[in-house]
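Line order of the protein sequences matches chains H and F. Sequential numbering from 1 applies to the first sequence in the numbering used here. Sequential numbering from 1001 applies to the second sequence in the numbering used here.
Hints are computed from structural coordinates only; laboratory data are not their basis. Please note: incorrect hints may appear among the correct ones.
Using 27 Å as the maximum straight-line C-alpha spacing, the simulated BS3-like pairs for lysine-lysine come out as follows [stated by the list, open to error]:
(1) F:K1092 x H:K356
(2) F:K1262 x H:K356
(3) F:K1139 x F:K1114
(4) F:K1038 x F:K1114
(5) H:K356 x F:K1160
Here's the letter readout for the chains.
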Amino acid sequence: MASWYALVAVGLFIAGYILAGSRARAVAGGDYAGMHSLPTYHGLYTASLAFLPALFIFICGSFIAGQLATYSAISALPENIQSDVLRQGAALREAINIVRGGSPAAASAEVQSAAESYGSVLSAGQWATLALGMLAGFGGLSWGLSRVSMNFRARNNFEKLVHGLLWICATIAVLTTVGIVFSVVGETYRFFFDPDIKGKPTVFEFLFGTDWNPQAAMRADQGDIQTAYGFLPLLTGTLLITTIAIVVAGPLGLFSAIYLAEYASPRMRAIAKPILEILAGIPTVVLGFFAALTVAPYIRGWGEAFGLEVASESALAAGVVMGMMIIPFISSLSDDVINAVPQSLRDGAYAMGATKSETIRQVILPAALPGIVSAFMLAISRAIGETMIVVMAAGLAANLTFNPLDAVTTITVQIKTILVGDQEFDSAKTLAAFALGFVLFFVTLVLNFIALKVVQRYREQYD
Amino acid sequence: MDMRPDPLIMMTTQTAQATVAAKPKIVARNVNVFYGEKHALKDVSVDIPERSVTSFIGPSGCGKSTFLRCINRMNDTVPSCRVEGTILIDGKDIYDPALDPVQLRARVGMVFQKPNPFPKSIYDNVAYGPRIHGLSRSKGELDQIVEASLRKASLWEEVKDRLTDSGTGLSGGQQQRLCIARTIAINPEIILMDEPCSALDPIATARIEELMEELRHNFTIVIVTHSMQQAARVSQQTAFFHLGHVVEVGETPQIFTNPTDKRTQDYITGRFG
Ligand SMILES: Nc1ncnc2c1ncn2[C@@H]1O[C@H](COP(=O)(O)OP(=O)(O)OP(=O)(O)O)[C@@H](O)[C@H]1O
Ligand SMILES: [Mg+2]
């Protein structure tokens, strides 16, 4: 069905382009200079007029048809199934599977009849959509054709269509973000304030509590251990690991960017840069077991040689490997911005008798600073959001500590731990994940805001 | 055929005739420059006398900037560029492997064709050279160097109230004068100027020309210019470049009134560009 529809829509587009183009050529009769818009624009304009309404009707039509079909399937089910949400959902899924070509024999009679009504409403809706779409498409096509004339401003009108299309795309992107934020904020609100949720903490307990133990409620055998939702150990764990990662990746990434951009020969650069970028492509799961199986034991052995107590899963191991993960973000982006600094600035510094390193420190890096700050911010956001490496190398213990040799856990790891496996959607434990997500989002937002301010301040000073 | 030079040039050359120093500061012999396969300078041999202004004239793309950039070894920063031949400053080969190009460039300052102020404050732009070469012992002394350099480049009056503003926020002509101030601040022996006035209005141009006239008593100045009038006004020697060759070099009045080569004559009378 959808493929038929696509065929028709594309056919309308091509037909509009060709018909309007040739009509415009006929109207012009060779006098293109006297025509407001060239035939190509008449073609594009009419093609869009035919295609866009068809596309719009397809999007709306398939949504509405699906909704109607679901509704009719539900009303075809007997009362007792309709009233039970779980059974209703199961029957509905079964019916839809039958329509899509599952095995009808296994299903009960009620489900069969639901499937029938679902199928008939759906196909009726789709046919109606196709008919409407074709109608709108041909309408647009003939309207566009009727407007072809010497003075018609097809070029400007096409420009308006492009503008509108871009606006729609931007709006969808923004609305998606807003929607996600609203859903997270809503669930977070429920976590703190919904009276139906049992065992939830107050906002104060959440933000300043020093114990994190959401699992206790699930395990009766743990006796006296209390459920606790103190978020502080997660925050310190996240900050600790992120700091270690930046301490590792910041200098390494920036210095390798400087080397690649200013010192390396073109051949060296052509080899080294892709290799660094491959590092960014290694799945974090692989880095995670590298951290857990190679780096962590090494750090442990090294620590014990110095008489230090090292947990077998340590923040240091996770942080170091996470640092390796974000090196390419810093080096690759910084390399690009350093390269974008105009050669004339380097020439200016060299001509003043500056050495290469003076030129880099005093002229190139200040000029490239806004870009370098953005590179660091991107890397930090990646580090804060990273889950897999921490799960595998830093453990799950929510210790409130700043000792890099201890096991710690992070916000993202706890979100993952909470939501893994079958969950009831309404428990305090599940909703805690949303609260954590909200805080994580807030932390990243603050970091981005600070970075923006830094960049703006230096922009003012330097541009 | 009218081969008499422009009367304006005739007039101004008389004032510029004043001093022609005898001792050569820069001696170039058989200099060849290649950019990859492209042979940009061919067998260039020129003497540039001490304490005077020498101008390079010639059509676009003939290698004036290239030769200028050989004198402070700026061509080292162009990977594809190869320089052959000898260039001596004060009798010492500047392409001697033992010589440090960084130190050479502190003695041979350069003002570029396109203004390229650093993305720093106006003050820091001028203070940059004195700072890296340790030319001042105190903040007060540095302030003095900055002020004197900006005054010489006739920019002081325009920027004295906003020395902390960014140098890149100035107009094109102001930026060029800032670059000139920045170069004078390190007190080089030789100043190379690549079309320093191409972005300046006539008033600023006149001030820069006055500055050159003043500086030439202590410094050796080489200037590339597309303005024949300017070459005639400010310089004592002129070299005419054409397609990578130095066609003719001599005292400015002689080049403009009595050129020996047909190509020079055609160029200064505006017959080809
Ligand atoms: N970096 C470079 N790489 C390759 N070729 C170059 C480079 N710089 C200059 N050239 C070439 O060398 C020749 C001389 O260039 P140069 O810049 O010295 O000319 P110019 O006399 O200064 O011209 P203009 O008056 O336009 O500034 C030109 O043909 C130019 O294409
Ligand atoms: Mg030039």
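Results of checking the hints against the structure:
Restraint check for F:K1092 and H:K356: satisfied, since their Cα atoms lie roughly 24 Å apart, inside the 27 Å limit. About 45 Å separates the Cα atoms of F:K1262 and H:K356, which puts this hinted pair outside 27 Å; it is violated. Of the pairs offered as hints, the one joining F:K1139 and F:K1114 is violated, with about 30 Å between alpha carbons and a cut-off of 27 Å exceeded. The straight-line distance between the Cα atoms of F:K1038 and F:K1114 is roughly 23 Å, inside the 27 Å bound, and the hint therefore holds.
Our distance criterion of 27 Å between C-alpha atoms is broken by H:K356 and F:K1160, whose separation comes to about 31 Å.
The earlier numbered hints that this structure contradicts are 2, 3 and 5.
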